[in-house]
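Protein chains: 2
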Amino acid sequence: MGRIDRSGYLQSVEDALRKYVPEVSLMQSGLFRAMRYSLLAGGKRIRPVLVLEFCGLCGGDQEAALPFACAVEMIHTYSLIHDDLPCMDDDGLRRGKPSNHVVFGEAQALLAGDALLTMAFETMLSPESVKGVGAERAADAAGILAKAAGAYGMAGGQAIDLMSEGKKVSEETLQKMDECKTGALIRAAAKMGCALAGADSGQIRAADEYAAAIGFAFQIVDDILDVEGDAGALGKPVGSDKDNAKSTYVSLLGLENAKRAVEKLTETAAAALEPFGDDAAYLKGFARKLASRNY
Amino acid sequence: MGRIDRSGYLQSVEDALRKYVPEVSLMQSGLFRAMRYSLLAGGKRIRPVLVLEFCGLCGGDQEAALPFACAVEMIHTYSLIHDDLPCMDDDGLRRGKPSNHVVFGEAQALLAGDALLTMAFETMLSPESVKGVGAERAADAAGILAKAAGAYGMAGGQAIDLMSEGKKVSEETLQKMDECKTGALIRAAAKMGCALAGADSGQIRAADEYAAAIGFAFQIVDDILDVEGDAGALGKPVGSDKDNAKSTYVSLLGLENAKRAVEKLTETAAAALEPFGDDAAYLKGFARKLASRNY
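Respectively, the protein sequence lines represent chains A and B.
By the count of our numbering, the first sequence reaches residue 1236 at its end, each step adding exactly one.
By the count of our numbering, the second sequence reaches residue 1236 at its end, each step adding exactly one.
Just chain A, with the same shape it has in the complex (with noise of 0.2 angstroms):
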């Protein structure tokens, strides 16, 4: 029963994803170094960190979980690196470095997303992977991330989000976008973490409220950073750049309006914690950390 120290969640995770994806000589190595330099370019491991504490909270075995934990961080690099495609939001910069396309092609960066999101699946259900959690709960955590990653889920959401590109939207249509852009994703997460370590109905629906809540305050986050961010570091004046266009929850709340529904949705987050008690402790931590990060 490997169970994982939270200090060390985050090695584990680079450790782990360096193992699945790693450097071959083969003829498509080409490919596995695209497929590397956007997984491992950081990112903070949000969707990883929730599968391993919530197996653990439920008393699941989290090494056997690690492979589902990177599972889910391999989808959301493939999301990312299809969106920044000339043909998404054309966007040459991610996390600071070059995106995908700039550096490998647009040919190259299409199939690095392809197989990353292949991968996924090819990790959580080799034998070992299967093996470790046993064939139920392997299918069950599989089938969770692929209906939140699919057509009804983030590919779903990126679609709609094409549909409004341009336009203002309403409050409803954007918080539609974005529950399955973002939230999809995160809940699956948390929702994993529990179906691996074999958790009650009860755990899971905690689980899963306490995850649509940091990831919908996530998402109100990142519109106030790029407001703040763009007035503050930059010193343009807020809304002066082509994001103007877009519907935001700062655009459509306004900005004291958008913090306030923060803390609220971080105070939802923890209260939805309340069946693991005590033990709960560090992701009410996490999803305070996240409301208030800076990046």
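Simulated from the structure, these hints should not be mistaken for lab results.
Note: identical chains are not told apart, hence a pair may lie in one copy or across any two.
Below are the DSS-like pairs computed for lysine-lysine, each with C-alpha atoms no more than 27 angstroms apart in a straight line:
no. : residue 1 : residue 2
1   : 1117      : 960
2   : 1187      : 1200
3   : 960       : 1088
4   : 1187      : 1205
5   : 1088      : 1072
6   : 1088      : 1117
7   : 1038      : 1187
Please arrange chain B on chain A, whose structure you already have, making use of the hints.
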């Protein structure tokens, strides 16, 4: 225990594909339309037929194998959509119809491919599908497909293709590329059918050998049809088009040797089926039909 009549394979697959990717009245209904446009555009459904037939030969429940048969077709379809994109082959026609991105735009086509790839796993790992074959076999079959579709399989083959674009390559490189690009998915289909039926290792080996042979033959026939189709249907002299820059089995082996190779591979495929005895007649005919196809 659901058996499907061989004459009903294609209709069962069509019906199931329509069920798994329905018309929806969601905000992302356009995404579903784009997915259906390519998924339901005909095609020979070779891979689903292999899943169903090998499942049946090994005594499995073919009705329960349908989601897995459809999953392989979803992955095949996603690969065609992404392959046709401007940054890849930039192909405006597919199966005589405008390519996905020509109809829906590049961004939606990218997402439709992503969503079909994800839907493959969503379909195989739904609670209903998992219950139908049992978690062990579901995880096994989905794992076989993930491995075949990913960086070591189909996506890897695309990357090799990318690397050798416009170059003359050796027969060895060409074969390695096709083994990944085309062969891996066809072999996966055959092995999945066996896995879903709980086949023994001898049966799996036989299925794999058969599928490897017909997959290779399929690719050589493609090259032959490219040459004979160009020369015949379009009245162009053999080798007059842009593909001439690319090595093919015809350019490497010569037309007659390429045809002999197809014959030999079709015999190899038939011989591989020996463990299945008289029951293998259908698959022997299937291999011959693929070898003598003119489309």
